[in-house]
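Model the full assembly from the supplied sequences, consistent with the hints where possible.
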Amino acid sequence: MLTLLFDGVAYGMLLFILSIGLAVTLGLMNFINLAHGAFAMAGGYTTVLLMQHAGLPFLLCVPLAFVVTALLGALMEVTLYRRMYNKPHLDQVLFSIGLTFMAVAGVDYFVGSTQQLVQLPEFLKGRTELWDGALGMGHYRLAIIAVCAVLALVLQLLLVRTRFGAQLRAAVDNQRVAAGLGIDVNKVFLLTFALGSGLAGLGGALGAEVLGLDPIFPLKFMIYFLIVVAVGGTSGLTGPLLAALLLGIADVAGKYYIPKLGAFIVYSLMILILLWRPQGLFSRGGK
Amino acid sequence: MWAFLLCLPLLLPTHALLISEITIIALFAMSLDLILGYSGIVSLGHAAFFGMGAYSAALFAKHIHPDPLLGLAVATAVTALLGAFCSLGILRGSDLTRLMVTLGVALILQELANKLDFITGGADGLQGVVMGPVLGQFEFDLMGQTAAWYALAVALCVFVLLRQVVVSSFGFSLQAIRDNALRAQAIGIPVHARLIAAYTLAAALAGMAGGLQAQTTGFASLDVFGFDRSADVLLMLVIGGTGWLWGGIIGAVVFKSLHSIISAWTPQYWTFWLGLFLVLLMLVGRARLLRPWTWGRRA
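Chains as they are written, first to last, in my numbering: chain A, 1 to 287; chain B, 1 to 299.
Hints were generated in silico from the structure; no laboratory data involved.
One should not assume that every hint holds.
Below, computed lysine-lysine pairings styled on BS3-like, alpha-carbon distance capped at 27 Å [claimed, not checked]: (1) B:LYS256 with A:LYS255; (2) A:LYS220 with A:LYS255; (3) B:LYS62 with B:LYS115; (4) A:LYS87 with A:LYS187; (5) B:LYS115 with A:LYS220; (6) B:LYS62 with A:LYS220.
Bear in mind that the values here come from a model prediction, so they are computed numbers and not experimental data.
Pasting the structure below:
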């Protein structure tokens, strides 16, 4: 029971890191980016390829995955995404589905469609049991929770305490007024998009061992990212965090206790929540 | 135009299967056009209804009665019920919420069809569907002649029906809602009731397309609910143009032709080119697709 809870939390934390970038793009630019999973996949593949071909250690590859995906995100923002901000939602959806299709087929072409395995370093492989096995904790999952918790804290500080965070919040609340006050909204968008993509890449790298990594990763997990964002709302970090944890625990527990119904529970829960609170569970009231 | 289309199975007897396939997805695209082009609801899960229709038609033929027309009517009715139920979900919230709800419904149905394997055959698909002759006269043949005629005839009926619908006051009120729901309400249009009606009708027609597919191929499998199918039909509609009944038909023809050309050339990676096409199309702007001389200008 506690083990399940633990696994659920680890899974939820991963989902949070993976989807926070999406929450920002959606909240900030009002852009529905279905290609977000593609960035996560890019991070995962960066790690796997670097480890296999360049022989770099896992701990070095994970930050590299962040950097590579952030750069990739920045590049895409300048060349492609920026033109799409003012288009209708339908166009954005189709555009990002197109990108996802390209990413899926591209990875399939260059790397192959097999599932990729990540070799964890020895010290992350073990497992600790507490209270006569009532709580079994994989060390790697423990590390994931720790890393993600620290990241969440850093992000919160970044958002609330720094000048950049203030600019970002201002741009989210009212883009035109923020621009009028001399904030370079385009630059804020660019940085945020890069950061969000980087985080997705980091999540993909960390999650490659837990979630599995193959070319259809962006399609498989797209719905999960969207659930986190839609249920959590886009107004802060707390909403997506709680939604991700809820989803992680519900998914792990659902698959364990009622495997016959599988993902059914999660989807039904999401639809019910969305019918009840269309703006998300934790949105700023009355919008 | 329709006379020409109806003669197609005679002119191209070897392509009869392809013709019925294109007709079915054209019907599917038309049904999506009703909610996307005319009512402005973005749906990523329209395949839910297509799949529901396919499974109901196949199950009905297998267990109750093999008559195609009766089966088609049942499939349409079942999907209309499902559509009416789901339409409650799309009334509230923004584009994102609608997207999620429609996508979620398709995923739930796919999951159900997968897990209820004693009814649906699970991942193996529903096999052994034997159809009776259409109207008691025309047997389904291997070449697909009957299937093509049957699909074309049904599609023609739907087209005529839809053309009546979109120029009726009902159709105009849908367009008013699409353009501005608040103002539409202010001039006395019952927004919710109209949206429910439109969504139910579109669902029923999508179910009809799914039923046709199951009947002409004698098979229903999990991929009828797939995300790809919902995305593909959106793409077709966008290629052909939304808010225009011919749009779905033209889009379906162009899309299928593109598909067969590209996948003959590179079967495994054709989604890459499809993706590239989508990205370019969206960057250029879909309204300008048919006007290449405006591509260089800023939107």
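Status of each hint after checking the structure:
1. B:LYS256 with A:LYS255: Violated: LYS256 of chain B and LYS255 of chain A sit about 38 Å apart, past 27 Å.
2. A:LYS220 with A:LYS255: 16 Å, holds
3. B:LYS62 with B:LYS115: 19 Å, holds
4. A:LYS87 with A:LYS187: Holds, at roughly 20 Å.
5. B:LYS115 with A:LYS220: Roughly 18 Å separates the two Cα atoms, so the pair holds.
6. B:LYS62 with A:LYS220: 33 Å, violated
Of the hints listed earlier, those the structure fails to meet are numbers 1, 6, in rising order.
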